[in-house]
Amino acid sequence: MKVLFAHGLPFSLAHGGLQIQIEETRRALQQSGLEVDHLRWWDAEQRGDVLHHFGRPHPEVVRLAQEKGLRVVMSELLTAQGSRGRIHRGVQKWTLRLLRKVRSEGLSAESYRRVDAVIALTEWEAHLMATIYGAPRERLHIIPNGVEDCFFSAPQQPRGKWLVCTATITERKRVLELAQAAVATSVPVWVVGKPYGESDPYYKAFAELARAQPEFIRYEGPVADRAVMAGIYRQARGFVLLSTMESLSLSALEAAACECPLLLGDLPWARTTFGGQAQYCPPFAGLAKTGEALRRFHAAAPNLPLARPPLRWREVAAQLRQLYERL
Amino acid sequence: MKILFDHHDPFHFAHGGLQIQIEQTKIALENIGVEVEWLRWWDADQRGKVIHFFGRPSDVYIQQAHAKGERVVFLELLTGLGSRSALERRMQRAMVHCARRFMPRGLIGRMCWDSYRLADACIANTEFEASLMRQMFDAPVERVQVVPNGVEDAFFEAAPVARGPWLVCTATIVERKRILELARAAAAARTPVWVIGIPYAESDAYFREFTELVRQHPEHLRYEGGINDRGKLAAIYREARGFVLLSQRETRSLSSEEAAATGCPLLLSDLPWARSVFGDSASYCAVTPDTAVTAQALAAFYTAAPQRPPPIQPLSWTGVAQRFLAIYERVIQETVPR
Chain A
1 MKVLFAHGLP FSLAHGGLQI QIEETRRALQ QSGLEVDHLR WWDAEQRGDV LHHFGRPHPE
61 VVRLAQEKGL RVVMSELLTA QGSRGRIHRG VQKWTLRLLR KVRSEGLSAE SYRRVDAVIA
121 LTEWEAHLMA TIYGAPRERL HIIPNGVEDC FFSAPQQPRG KWLVCTATIT ERKRVLELAQ
181 AAVATSVPVW VVGKPYGESD PYYKAFAELA RAQPEFIRYE GPVADRAVMA GIYRQARGFV
241 LLSTMESLSL SALEAAACEC PLLLGDLPWA RTTFGGQAQY CPPFAGLAKT GEALRRFHAA
301 APNLPLARPP LRWREVAAQL RQLYERL
Chain B
1001 MKILFDHHDP FHFAHGGLQI QIEQTKIALE NIGVEVEWLR WWDADQRGKV IHFFGRPSDV
1061 YIQQAHAKGE RVVFLELLTG LGSRSALERR MQRAMVHCAR RFMPRGLIGR MCWDSYRLAD
1121 ACIANTEFEA SLMRQMFDAP VERVQVVPNG VEDAFFEAAP VARGPWLVCT ATIVERKRIL
1181 ELARAAAAAR TPVWVIGIPY AESDAYFREF TELVRQHPEH LRYEGGINDR GKLAAIYREA
1241 RGFVLLSQRE TRSLSSEEAA ATGCPLLLSD LPWARSVFGD SASYCAVTPD TAVTAQALAA
1301 FYTAAPQRPP PIQPLSWTGV AQRFLAIYER VIQETVPR
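So the protein lines, in turn, are chains A and B.
Heads up, the first sequence is in our numbering, so the first residue is 1 and it goes up one at a time.
Heads up, the second sequence is in our numbering, so the first residue is 1001 and it goes up one at a time.
Treat the hints as calculated values from the structure; they're not laboratory data.
Wrong hints could be hidden among the right ones.
[To be verified] Calculated lysine-lysine pairs in the DSS-like style (CA-CA distance at most 25 Å, straight line):
1. 1068(B) - 194(A)
2. 1049(B) - 194(A)
3. 204(A) - 1049(B)
4. 204(A) - 1068(B)
Okay, chain B solo, but in the shape it has when bound (with noise of 0.2 Å):
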């Protein structure tokens, strides 16, 4: 069997976590004996039982995929989707509705909302996102898969070690992710914060205010960059007071289960993802732009963190490789392509 993983963001122009994703599931794929190929887009002879797309394909490309006997499987991020109001997503949904029935055939087709039906099966990284997936896609039941991501083996094997005076954030430094608005809040309630990313750009004015910011507050903020060695990375979580994730907008951190796998306690944004991969095992904070407020959750959770019981742990790369292996397996199964 053969699977082809496809995907159009290209890694060079934006790293993060759907990276590490695409790469940590490649290879404990074929550490289960799972042969996996990068769509080569070019290449007019390449066959896979299955296309793996990261994203939402069209549904001309599902489409053109069957009429080829491929099968095709998509992992979609509802990030934005995902961190909306019930409100706006009643309204979203309503919004679908509307345009399928009165806007012309073109515009709709870029939506590419078809895909669901189409496709052979759709994954969701969180039971929260397969009832998005179902409900404002029409997604049918039996096709949502939630496979959740991985975690690689260094978080689970690092050594345990005294726990020290920072709180850990690891992301990508960029508006979404709040970035600036945690160290604002840190540089408030004097809690000292540690954060390891990169910016999509240095040029970006956002950067350019965090790192500013930092050069103000030594004491309270640390930045040294991004961390590419996943031992150190695993070490620092292991000896962080805690991990803290103030997203705006998030499908499911990849980093914060990284810190998990490491016993760390989390200060994640209130969303609906993070309550359902994390439950009571983790602390909250709402997504405000008051400094005063999200400073005194970082306080409070830097006082109790300590005492707070290690999070929900997650699941091993492997343990994910074996899950899609199974999806691959059952599509092939079904005698012909949707």
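Isolated chain A, as found in the complex (with noise of 0.2 Å):
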């Protein structure tokens, strides 16, 4: 059986979780001995026998697939939809309802109702996807995002000062938020990651204050190296986290493989990944009721329960797999 992966927007110009979830997958599905290739989509002479589509392939696109005999998969992150409050997706909901039955045709949510199989990261996901967008419940499948084996064998280290933020600086994030909070409250905080472009005025603004207050926050951009990364989980003294919207972060996943006690924005995705073991903060308060969060949070880390350990690539994959068979 061979697989073809698919993905709308190019790592070149979007690098992330989701990179790292699509590589991930890729390569552990490999080592299970099950051929995986990109899809090339100026190659007519590519065959494949599952197409998994990383986002929301276009409807005419599935139908094309299927015509030609593979099966399709999709797996769509929801992270602004699954960040919304209830009435905004009820209104979305209903407007979905509405465009169905006034033309469905090139409706993209179509997608939902035409692929094989959809793969939600958590259980909100998949009941956003039924509510919202009308995936057949028997389609559904839940697979969580796994976590490479070097973050839970890194060796148990004395934690230090440092709380950690593993993330891809710009708005969503609140990354510049979070920095103006720690160095309101003396707590200090390291920030690994990049931005987007290096000329963005958020970017910008962020690496500013970063340079100003260099007692409270720690920059020195991002860290390419697992290992290297999985220590700076074992030293942190906990992780933060306090994007405005989330799928099912990686970076939480990674430090919770680590031990590394989690402070994460107030969202679905995260209690129901979390639920108690996990603390959290409104994810649009301000800088009080932030600044507050962070510094009860860097006074209790010690001593917080541990997260439930998450999957490791092998058995995503291991599941992956499953359901590939399985059509």
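Join the two chains into one complex using the hints; note that each chain is given alone, in its own frame.
Quick look at the structure:
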């Protein structure tokens, strides 16, 4: 069986958790003996049995692939939808229903009904896929992200003073707001990550703050070496991620694998994944509230309960393989 | 200067004119010294000065490319939109305006309407499509460029031969191209039509109905599948009495321009794209479900074809590549990506 992986946003334009997810899933599937190719859109001779699209494929592509005999699987991150309020989601749901009645042809949401399987990362996303997009329950599967072995095997070390936040430096992740709160409450935070573009004013404001407050904000850019990253989590006092929108944060799972206490934005994905095993901060809280949550977390971190360990990529691959074979 | 070509409909799933257009544009650009690569979505290290997207990229795509210092030009075929009536288009424009005001941003974002305002250049195949981009999507006038399709040299160079009895139709065998309706009209008018092309899938009911009709009318319908050899296809156009394409929707038919390059008379659906490309140098047939009306137009064209003047000649792919190069150079010269 050959699986073709497809994705619409090139990695050269947008790095982040989804890139790691796709790369690690492919590696783990290959290690399990499955043939996995990247879909080369220009190659009319490329063949496969399953098209696994990361994102939402156009319904016409789904139809054409199925006509060629491929089974189509889609994994979409409902990052924005999953972070909206109930009213907002309700408006979206009813607007979609109305649009479907008027003219469903070409509506991208139709892909949820046409593909052979839909993969959600969390129970929460599966719920959204069924209720907003009408994905048939019997075709919905929950397969979470995995974590690389090095995060589980990194040796235990004494925990230091820094809270760590690993994220792309962009508005959605609220890294600047976190840094401002850290400075305001004198809590040391180490930010690991890079922006989509260095000319981004949001990034420049963050970098300026980090330069001005080196005792509270540590910033040395991203860390590409995964073992080094695991070592950083092992040494960290805690992990912080206060994004306004998130699907299932890979860096939070990696920190959890390193037994690092978690402070997360209070969003449904985080509650359904970590429940009472993480601390929460309202995602749109102002500077004072965020600072207070940060200060309390820094003080309590050494005594907080540990989060349940996440899956390893090979366990994720085993679940996916089972799904492909069933199709 | 390195150009990255990107597209979201894999050629393996959907062959057709757009595939030829993309492949020939790449070859022609390379022939005039421009470095062009297929965009490998999984390659985080791949860099280019300009991304040339065939289709409509999302606004996020364009914003991320700009953040990386890359320019984005896109060429979209407005096949469906361009084939709607003026009234339908006015209604659509009104709906777009309402949607922008009242619909959730998440849903609006899916439509990628803002891409027309964000991209460094929007490329239309025809003047008509350019006007649609400006009117329907508020594309800035100065960023909309018209670059037609090209035709391979083989079609210009094919040696003239005596024209035979067959009208030729080259198209994917799918509802939108109305091949079955053409075949029915040909059988009714007893006009010989040779259909060249393949379906997206042989299991398609429309295709099976067409092949069944061909079996019943071998004297008026000829079908032997697709022809990959471009020299052979050029020779077929040279020998054909005329070229017919009665699609319901079309952007700018590559096959009709290939036929035009060989001097083959054209009978086309009466749609704005065709009028704006060929004007009075082609014959037209209304898009109608009435087989008798189509049959009558077909018979009239069959009779008149030998006396028709040759259609307007298309550009070669080299000419197209030079136009693209000028656009790439212009967007690169703009110091700050939009």
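These are the hints, each one checked on the structure:
Restraint check: the Cα-Cα separation between residue 1068(B) and residue 194(A) comes to about 12 Å, which is no more than 25 Å; the hinted pair holds. A hinted pair counts as satisfied when its Cα atoms are at most 25 Å apart, and residue 1049(B) with residue 194(A) qualifies at roughly 22 Å. Proximity of residue 204(A) to residue 1049(B) is assessed by CA-CA distance (about 24 Å); at most 25 Å being required, the pair is judged to hold. Distance hint between residue 204(A) and residue 1068(B) is fulfilled; the C-alpha atoms sit about 15 Å from each other, no more than 25 Å.
The structure fails none of the hints (numbered hints given earlier).
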